[in-house]
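Fit chain to chain and form the complex, with the hints in mind.
Here the protein sequences come in this chain order: A and B. In terms of the working numbering, the first sequence opens at residue 1 and continues consecutively. In terms of the working numbering, the second sequence opens at residue 1 and continues consecutively.
Every clue listed holds true.
Within a straight-line C-alpha distance of at most 20 Å, the following computed PhoX-like cross-link-like pairs (lysine-lysine) qualify:
#1 B:K57 <-> A:K1
#2 A:K68 <-> A:K97
#3 B:K57 <-> A:K97
#4 A:K97 <-> A:K1
#5 A:K1 <-> A:K68
Hints are computed from structural coordinates only; laboratory data are not their basis.
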Amino acid sequence: KQEVTQIPAALSVPEGENLVLNCSFTDSAIYNLQWFRQDPGKGLTSLLLIQSSQREQTSGRLNASLDKSSGRSTLYIAASQPGDSATYLCSTDSWGKLQFGAGTQVVVTP
Amino acid sequence: KAGVTQTPRYLIKTRGQQVTLSCSPISGHRSVSWYQQTPGQGLQFLFEYFSETQRNKGNFPGRFSGRQFSNSRSEMNVSTLELGDSALYLCASYLTDRDSTEAFFGQGTRLTVV
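The following block holds chain B by itself, in its conformation from the complex (with noise of 0.2 Å):
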């Protein structure tokens, strides 16, 4: 059974470009969500989305955007790129909504922005 496949695995970006992300969750997953990870701030929650409907944001700002397909696939873009968006952006499915249920990860995404 496939995992949580994350692409690219690294990006290197110039201060003021946008990024898509792309996240495709388990078989059966409907649920993903994302999540920025930096050496200052740990692991950051961004947003959730199930069937297509973004049900809980974190506290970034409109730069960072997301979608869900109807096969359940992610992406995430930021757009004008600042320096402090260098990040790992990780990615998490799970099997269901709301229940108490497993989350998987992918192996993420490394930004560098130059």
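Excised from the complex, chain A in its bound form (with noise of 0.2 Å):
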């Protein structure tokens, strides 16, 4: 059963520090990974998906890296703002079915 963690729970950074947020998973049989964002009450916002075939993935401040032999994902946002404020979430996706963690819980403060 595949088991998926994020460390740290939550991190708190003033603005313009860079955020590294860690993900790792116990079964390496995996179609992608893919990271989300959810603010308070809200649905998750997909930011990055790695396909099982490659090593990493950027978008603007994002990238994201996956190394499926040793079960790791690192979630980099560059350069950090106060509306980056939000819980980020990892997912591996088995045969449609997503496993998540639980989230770090990000505040970035003015």
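If you want it as structure tokens, here you go:
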């Protein structure tokens, strides 16, 4: 059974600092890994999707890496802004069923 | 291009009642999945539908059921509601089946059982 873990559970940084969010998973037989952002009481917004054959994906200030052999993914957010404050969730996709971590709650202070 | 639409956004029901939630996927998407999100359990998979067929089911009691229509819209039903069913219910749509593809989520339906 896939177990997805996100560390740390919470993170507070001053504006401008780079963010590093970690995700680990136990079963490397995944189709892809996807990072999401969730604002309080809202749905999930897709940030980046990394296919199982890829090592990383980039979109603007966001970069995500994937190392299937070690069961790890890292989301980097450069030059953080207060608007980046949210909960960030990673998920692995195995046959159409997403398995989520508990998320990392991020607060970026002005 | 419209996103995933879930209705209603908020619901308050009494224990023992039943409820139906609706999800309209992105146009052209044929796969729909449902998830329950609670503070204690996080996001948990309920079921997945593709072309009106349920392909995958999570570990939820039989009170939770769903279906998908020919236009890919999906509904989930919860019968005999319990206080513990209070949660944010999220629907995700996918472009294709089984391919490595991106999941897009709706804003969710907040269900409160009193």
